[in-house]
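Undergrad: For reference, the chains in residue letters:
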Amino acid sequence: MSESIPALLERFVQGDDLAFGELMARFQKKVYFLAYQTLGNHLDADEVMQETFVRIYRKRKELEHVANFTSFVIRVASNYAIDLLRKRKGQASTEDLSELPSAVQIDLSRRVRTPGEIWTDKHVMMEIQKALDTLPPRQKLTAVLHDVEGYSKAEIAVMLDCPEATVRSNLHIARTKLKKILAKRLARKEQ
Amino acid sequence: MTCLEFRSILDRYVDRELSTDEMRRADEHLTGCATCREELASQQSLKQLMSGYVPPVQPPDDYWDQARDRVLAKTVLTADREQKQTDTLVDSHSYMPVMRSVLSVAASIALLAIALVLGSRHDRPAVVLSNQPHQVIVTAEMAELLKSPDGGPLTLGDQRRIGQASILMGGPGMVGRFNFLPGLLRIY
Chain A
1 MSESIPALLE RFVQGDDLAF GELMARFQKK VYFLAYQTLG NHLDADEVMQ
51 ETFVRIYRKR KELEHVANFT SFVIRVASNY AIDLLRKRKG QASTEDLSEL
101 PSAVQIDLSR RVRTPGEIWT DKHVMMEIQK ALDTLPPRQK LTAVLHDVEG
151 YSKAEIAVML DCPEATVRSN LHIARTKLKK ILAKRLARKE Q
Chain B
1001 MTCLEFRSIL DRYVDRELST DEMRRADEHL TGCATCREEL ASQQSLKQLM
1051 SGYVPPVQPP DDYWDQARDR VLAKTVLTAD REQKQTDTLV DSHSYMPVMR
1101 SVLSVAASIA LLAIALVLGS RHDRPAVVLS NQPHQVIVTA EMAELLKSPD
1151 GGPLTLGDQR RIGQASILMG GPGMVGRFNF LPGLLRIY
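Heads up: the protein sequence lines correspond to chains A and B, in order. Per our numbering, the very first residue in the first sequence carries number 1; after that it's consecutive. Per our numbering, the very first residue in the second sequence carries number 1001; after that it's consecutive.
Heads up, a few of these hints could be off.
[Unchecked claim] Below, computed lysine to any residue pairings styled on SDA-like, alpha-carbon distance capped at 20 Å: (1) A:Lys59 <-> B:Thr1078; (2) A:Lys153 <-> B:Arg1037; (3) A:Lys30 <-> B:Leu1077; (4) A:Lys180 <-> B:Ser1008; (5) A:Lys122 <-> B:Tyr1013; (6) B:Lys1047 <-> A:Lys61; (7) A:Lys177 <-> B:Leu1010; (8) A:Lys61 <-> A:Glu10; (9) A:Lys61 <-> A:Gln14; (10) A:Lys130 <-> B:Ser1042; (11) A:Lys29 <-> B:Arg1007; (12) A:Lys29 <-> B:Gly1032; (13) A:Lys29 <-> B:Leu1018; (14) A:Lys179 <-> B:Leu1040; (15) B:Lys1074 <-> A:Arg60; (16) A:Lys179 <-> B:Ser1108; (17) B:Lys1047 <-> A:His123; (18) A:Lys29 <-> B:Leu1010; (19) A:Lys153 <-> B:Gln1044; (20) A:Lys153 <-> A:Ile181; (21) A:Lys29 <-> B:Glu1022; (22) A:Lys59 <-> B:Ser1051; (23) A:Lys61 <-> B:Val1014; (24) A:Lys180 <-> B:Thr1035; (25) A:Lys179 <-> B:Arg1007; (26) B:Lys1074 <-> A:Asp133; (27) B:Lys1074 <-> A:Glu51; (28) A:Lys180 <-> B:Leu1010; (29) A:Lys177 <-> B:Asp1062; (30) A:Lys30 <-> A:Ser71; (31) B:Lys1074 <-> A:Arg55; (32) A:Lys153 <-> B:Val1014; (33) B:Lys1074 <-> A:Ala165; (34) A:Lys179 <-> B:Arg1037; (35) A:Lys179 <-> B:Leu1004; (36) A:Lys153 <-> A:Val76; (37) A:Lys153 <-> B:Leu1018; (38) A:Lys177 <-> B:Leu1004; (39) A:Lys179 <-> B:Gln1048; (40) B:Lys1047 <-> A:Ile181.
It is worth saying that the hints were derived from the structure and are not from the lab.
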């Protein structure tokens, strides 16, 4: 039976580096994909993922008082991703799939959540990614965390360190913009 | 419920956050409003589309282990190395405070010894030369050295050398107690 997150966290706080490795193994994909959805390319997602865990390691002593480690990890990752986006003046640099080596491209057929659905087509995913890239950092993160990752508005408020009303407002604006950009795709889906 | 009211709760409707009463009123409005039904369908499609979103690229399988190793190299291994370096530095410098103490004590003893030796060589009080036109204070040793064979007044050259010696040796002060200095200055 795998060890619980609080138990691993307690071991890590007490100086057990093996527990840190295990925590990273459990959260690294979550952080990577969140960063990818926010920044739109592998190099930046990799940087966010690594820097997030380096920062968490350095904050080891503060973790004793952290009630929700998942929220804490996403908060650290979100802050760094927002910093990166600001450095790029809010412009995410989405990769052109045709330029990526085939080893890096995902075989979407293996990741289908509902086999047969047209939404698994990677070009649809590219459309969504490009639509997300038009949003300001916080709106983008809010939309990803809520509509893609499924976190509640209250959880997102903790992760992004803002009032829940701000989360609602950012989500509403993000959805309105995404609906406009993805209008053609949504119309096809509704038919 | 008006269309405007419905639009203001659309997000909460889609996210299933409405109370039973709000939901009933919204559904009543939807029954008679095609425009809001369309808006709702669009919003639900977007939510469904987003929930099925996965990044279009994924790193190769070995990426995760490699990335983890890189993070561990920056954190755990670096911390170990820094700890070892600190330990080594502590080991190599651990004798420094003791050495400083030993050297301080040794220096204090040496200064005390020098003071005792010098002090022991000055066992006579300073002397006021009485046979001079002006009062001149010198050490007893110098007074002996400066005695003229005929007991007469000092020559101008003698006085100049006494002046130099007084400045350099501090008269009856500490430096003046070095009785070899008059010899070096050829005061006799």
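Undergrad: Does each hint hold? Answer for all of them.
TA: Against the structure, the hints:
no.: 1; hint: A:Lys59 <-> B:Thr1078; verdict: 15 Å, holds
no.: 2; hint: A:Lys153 <-> B:Arg1037; verdict: 25 Å, violated
no.: 3; hint: A:Lys30 <-> B:Leu1077; verdict: 24 Å, violated
no.: 4; hint: A:Lys180 <-> B:Ser1008; verdict: 18 Å, holds
no.: 5; hint: A:Lys122 <-> B:Tyr1013; verdict: 30 Å, violated
no.: 6; hint: B:Lys1047 <-> A:Lys61; verdict: 39 Å, violated
no.: 7; hint: A:Lys177 <-> B:Leu1010; verdict: 15 Å, holds
no.: 8; hint: A:Lys61 <-> A:Glu10; verdict: 10 Å, holds
no.: 9; hint: A:Lys61 <-> A:Gln14; verdict: 8 Å, holds
no.: 10; hint: A:Lys130 <-> B:Ser1042; verdict: 19 Å, holds
no.: 11; hint: A:Lys29 <-> B:Arg1007; verdict: 36 Å, violated
no.: 12; hint: A:Lys29 <-> B:Gly1032; verdict: 46 Å, violated
no.: 13; hint: A:Lys29 <-> B:Leu1018; verdict: 33 Å, violated
no.: 14; hint: A:Lys179 <-> B:Leu1040; verdict: 11 Å, holds
no.: 15; hint: B:Lys1074 <-> A:Arg60; verdict: 14 Å, holds
no.: 16; hint: A:Lys179 <-> B:Ser1108; verdict: 86 Å, violated
no.: 17; hint: B:Lys1047 <-> A:His123; verdict: 18 Å, holds
no.: 18; hint: A:Lys29 <-> B:Leu1010; verdict: 32 Å, violated
no.: 19; hint: A:Lys153 <-> B:Gln1044; verdict: 18 Å, holds
no.: 20; hint: A:Lys153 <-> A:Ile181; verdict: 23 Å, violated
no.: 21; hint: A:Lys29 <-> B:Glu1022; verdict: 39 Å, violated
no.: 22; hint: A:Lys59 <-> B:Ser1051; verdict: 32 Å, violated
no.: 23; hint: A:Lys61 <-> B:Val1014; verdict: 41 Å, violated
no.: 24; hint: A:Lys180 <-> B:Thr1035; verdict: 16 Å, holds
no.: 25; hint: A:Lys179 <-> B:Arg1007; verdict: 14 Å, holds
no.: 26; hint: B:Lys1074 <-> A:Asp133; verdict: 30 Å, violated
no.: 27; hint: B:Lys1074 <-> A:Glu51; verdict: 10 Å, holds
no.: 28; hint: A:Lys180 <-> B:Leu1010; verdict: 16 Å, holds
no.: 29; hint: A:Lys177 <-> B:Asp1062; verdict: 37 Å, violated
no.: 30; hint: A:Lys30 <-> A:Ser71; verdict: 11 Å, holds
no.: 31; hint: B:Lys1074 <-> A:Arg55; verdict: 10 Å, holds
no.: 32; hint: A:Lys153 <-> B:Val1014; verdict: 13 Å, holds
no.: 33; hint: B:Lys1074 <-> A:Ala165; verdict: 38 Å, violated
no.: 34; hint: A:Lys179 <-> B:Arg1037; verdict: 15 Å, holds
no.: 35; hint: A:Lys179 <-> B:Leu1004; verdict: 18 Å, holds
no.: 36; hint: A:Lys153 <-> A:Val76; verdict: 18 Å, holds
no.: 37; hint: A:Lys153 <-> B:Leu1018; verdict: 14 Å, holds
no.: 38; hint: A:Lys177 <-> B:Leu1004; verdict: 19 Å, holds
no.: 39; hint: A:Lys179 <-> B:Gln1048; verdict: 12 Å, holds
no.: 40; hint: B:Lys1047 <-> A:Ile181; verdict: 14 Å, holds
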